Amino acid sequence: MPSATLEILDDRWVLRCSPLARDLAAQIPALRFDRELEAWAGPLVLSTPLVARSLFGPGLQPTNDAFEVVDQWNREAESARRDLSGSNDPEAVRTLYRLSPALFPEQVGSSALMSQWGWFLNCDDRGSGKSVQTVCALNAGGHWPALIIAPKSMLYTWADEVRKHTNAEPFVLVGTAPQRKKIIEEARTHPRPVIISTLGTLKAHSRHAGYGSVRRKDEHREPKELNGGWIKTVVVDEAQALKDPKAQQTRAAWAVGDEAEHRIALTGTPIVNTPLDLWGILRFLSPQDFPSRSKFQDRYVLTREGFWGGTEDLGLNPVHQPELDRILTGHYCRRPLRLPVEVLPPQVRWLDMESKQAKAYRDMEKDMMAEVDGNLLLTTNPMTLAMRLGQIASATPVVDEAGNVTSLDSPSCKISALLELLDEMAGDPLVVFAESRKLIELAHRTLTGGAKPLLRPDQVGLITGQVSSVERAAHIDAFQRGEQVVILCTLGAGAEGITLTRSNTICFLQRSFSYVKNIQAEGRVARIGQERDVRYIEFITRGTVESRVYQAIAAKEDKAQDFLRDPEFVRRVLFEEAG
Numbered sequence: 127m128p129s130a131t132l133e134i135l136d137d138r139w140v141l142r143c144s145p146l147a148r149d150l151a152a153q154i155p156a157l158r159f160d161r162e163l164e165a166w167a168g169p170l171v172l173s174t175p176l177v178a179r180s181l182f183g184p185g186l187q188p189t190n191d192a193f194e195v196v197d198q199w200n201r202e203a204e205s206a207r208r209d210l211s212g213s214n215d216p217e218a219v220r221t222l223y224r225l226s227p228a229l230f231p232e233q234v235g236s237s238a239l240m241s242q243w244g245w246f247l248n249c250d251d252r253g254s255g256k257s258v259q260t261v262c263a264l265n266a267g268g269h270w271p272a273l274i275i276a277p278k279s280m281l282y283t284w285a286d287e288v289r290k291h292t293n294a295e296p297f298v299l300v301g302t303a304p305q306r307k308k309i310i311e312e313a314r315t316h317p318r319p320v321i322i323s324t325l326g327t328l329k330a331h332s333r334h335a336g337y338g339s340v341r342r343k344d345e346h347r348e349p350k351e352l353n354g355g356w357i358k359t360v361v362v363d364e365a366q367a368l369k370d371p372k373a374q375q376t377r378a379a380w381a382v383g384d385e386a387e388h389r390i391a392l393t394g395t396p397i398v399n400t401p402l403d404l405w406g407i408l409r410f411l412s413p414q415d416f417p418s419r420s421k422f423q424d425r426y427v428l429t430r431e432g433f434w435g436g437t438e439d440l441g442l443n444p445v446h447q448p449e450l451d452r453i454l455t456g457h458y459c460r461r462p463l464r465l466p467v468e469v470l471p472p473q474v475r476w477l478d479m480e481s482k483q484a485k486a487y488r489d490m491e492k493d494m495m496a497e498v499d500g501n502l503l504l505t506t507n508p509m510t511l512a513m514r515l516g517q518i519a520s521a522t523p524v525v526d527e528a529g530n531v532t533s534l535d536s537p538s539c540k541i542s543a544l545l546e547l548l549d550e551m552a553g554d555p556l557v558v559f560a561e562s563r564k565l566i567e568l569a570h571r572t573l574t575g576g577a578k579p580l581l582r583p584d585q586v587g588l589i590t591g592q593v594s595s596v597e598r599a600a601h602i603d604a605f606q607r608g609e610q611v612v613i614l615c616t617l618g619a620g621a622e623g624i625t626l627t628r629s630n631t632i633c634f635l636q637r638s639f640s641y642v643k644n645i646q647a648e649g650r651v652a653r654i655g656q657e658r659d660v661r662y663i664e665f666i667t668r669g670t671v672e673s674r675v676y677q678a679i680a681a682k683e684d685k686a687q688d689f690l691r692d693p694e695f696v697r698r699v700l701f702e703e704a705g
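In terms of the numbering used here, the sequence shown opens at residue 127 and continues consecutively.
Treat the hints loosely; a few may be bogus.
Said to hold, decoys possible - Calculated pairs, DSS-like style, for lysine-lysine (alpha carbon to alpha carbon, straight line, at most 25 Å):
id	residue 1	residue 2
1	LYS308	LYS278
2	LYS307	LYS343
3	LYS372	LYS421
4	LYS564	LYS643
5	LYS369	LYS643
6	LYS421	LYS369
7	LYS278	LYS372
8	LYS564	LYS485
9	LYS372	LYS343
10	LYS358	LYS307
11	LYS358	LYS308
These aren't lab readings, by the way, just hints derived from the structure by calculation.
All of these numbers come straight from a predicted model, not from anything done at the bench.
Could you build all of it, start to finish, from the sequences and the hints given here?
Printed below as a string of structure tokens:
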């Protein structure tokens with residue numbers, strides 16, 4: 127086994143080894159060869175001694191200083207585990223870190239760590255109150271100014287949480303570019319500002335970090351209003367959006383994060399398709415531990431050669447996963463939502479298309495065209511074909527003379543099944559989701575229109591991208607107060623940031639191909655405040671593209687298990703008592 131020494135010099139790790147061991151040293155992500163020292167050097171991060179020990183084995187000789195630093199980190203990690211698992215008295219932790227009484231005991235540990243540690247990844251289950259934990263952590267640590275990056279639908283929800291739990295002032299970054307610049311200027315004059323922005327808006331007000339060979343325009347290299355290090359804390363909500371390192375919005379988030387003292391990422395689904403999705407989040411949180419995507423893949427992702435060439439990711443590498451677990455210990459939490467009720471297995475109801483739907487579906491599938499009420503519906507590529515087949519599997523498309531689908535109409539196997547379900551519910555409140563806005567609008571027209579409407583318009587809530595934020599909030603409040611029997615939501619507009627716990631039943635007229643959207647939608651009902659067993663009812667049209675989507679979603683969920691729901695991982699990182 128090659129030998130090497132690891133020491134601390136000028137607040138850096140320095141690894142000295144024989145030139146014959148150069149290839150091993152080059153595998154340590156945080157180290158670079160320093161010609162002046164004639165050794166490998168890098169920042170004081172935990173990944174370096176862990177990877178070096180794995181590579182050099184007993185041949186690695188740490189100095190006393192190195193032993194002391196790692197020993198201190200181990201003690202801090204063990205204390206963090208006890209805080210997260212509740213082994214340390216939550217009320218004592220609450221008092222020690224001056225945390226809000228609004229936090230539930232199970233939220234105290236993660237909020238305490240977020241208030242103290244330089245970076246933290248909160249992957250608690252949807253509905254666990256990650257936003258409240260974060261806002262209380264910012265307040266306890268006095269981490270102002272802060273920048274919260276969130277989906278558009280969540281901007282004002284975050285502003286409300288900031289007002290409710292802190293004495294800080296939220297500044298929502300909306301409007302034209304000059305208006306947004308004025309909002310940022312105003313925020314800089316406030317003693318405790320919290321700027322709340324979307325990723326799309328952020329990229330116009332921050333420089334973009336570099337990534338590999340991705341070329342940056344001159345305007346993306348120059349510092350902008352949110353740069354300069356004046357922002358102390360950066361929070362990214364729904365951080366799975368950082369999975370694409372080439373995206374401008376991802377590299378803008380990296381840039382503001384690199385200059386901040388504290389970085390927090392929130393996501394219930396850090397792995398959407400492949401473990402490499404995780405790297406973009408970790409690069410934001412700890413760029414020194416995880417500077418290289420290729421090195422992360424080589425070390426922590428199990429791959430194989432693809433059938434058509436290239437590589438295919440299979441999951442996290444079980445050989446090195448304990449090492450990754452140890453780097454994240456104390457910087458990571460993942461706790462299943464613990465409700466005093468059961469979340470029942472999904473109930474799948476298989477539907478058969480109405481005859482008009484079935485004929486159009488068969489024609490479209492066979493010839494990539496179908497005649498509907500005298501107008502011709504055409505497709506020109508596989509993507510459009512899949513979309514059209516999905517529409518027809520749900521309802522009958524209304525086609526104009528130009529061949530565009532302007533809306534969906536009856537006959538519809540999905541709407542017929544929904545009416546039957548509402549009859550079963552006997553007035554019990556129901557939440558309905560679908561990917562298609564046209565299908566949701568058809569459901570709304572069916573329930574509230576016609577000579578004898580089933581329900582009054584004020585009894586049916588509606589949340590789509592066409593509904594304003596004011597109307598959206600009014601519909602949610604009315605549903606929660608018991609004034610509405612059913613609320614109809616698109617997965618794009620209604621899957622995030624809302625609470626619909628008055629109902630314990632979600633009906634999916636359609637699922638999204640996005641695993642993230644689906645589980646976020648489930649969390650609108652299965653969340654803190656739910657007092658009845660939760661059930662999901664899925665309508666799937668037999669023998670159509672929907673059945674294949676259903677299978678693909680199941681496969682995506684299996685891939686997420688390695689990092690999210692592996693019981694042994696959760697036990698090691700969160701619930702293992704310090705030995």
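Results for each hint:
1. LYS308 x LYS278: 20 Å, holds
2. LYS307 x LYS343: OK: LYS307 and LYS343 at ~21 Å, within 25 Å.
3. LYS372 x LYS421: 17 Å, holds
4. LYS564 x LYS643: Status holds; Cα separation ~18 Å.
5. LYS369 x LYS643: 15 Å, holds
6. LYS421 x LYS369: Holds, at roughly 16 Å.
7. LYS278 x LYS372: 21 Å, holds
8. LYS564 x LYS485: 20 Å, holds
9. LYS372 x LYS343: 13 Å, holds
10. LYS358 x LYS307: 19 Å, holds
11. LYS358 x LYS308: Holds, at roughly 20 Å.
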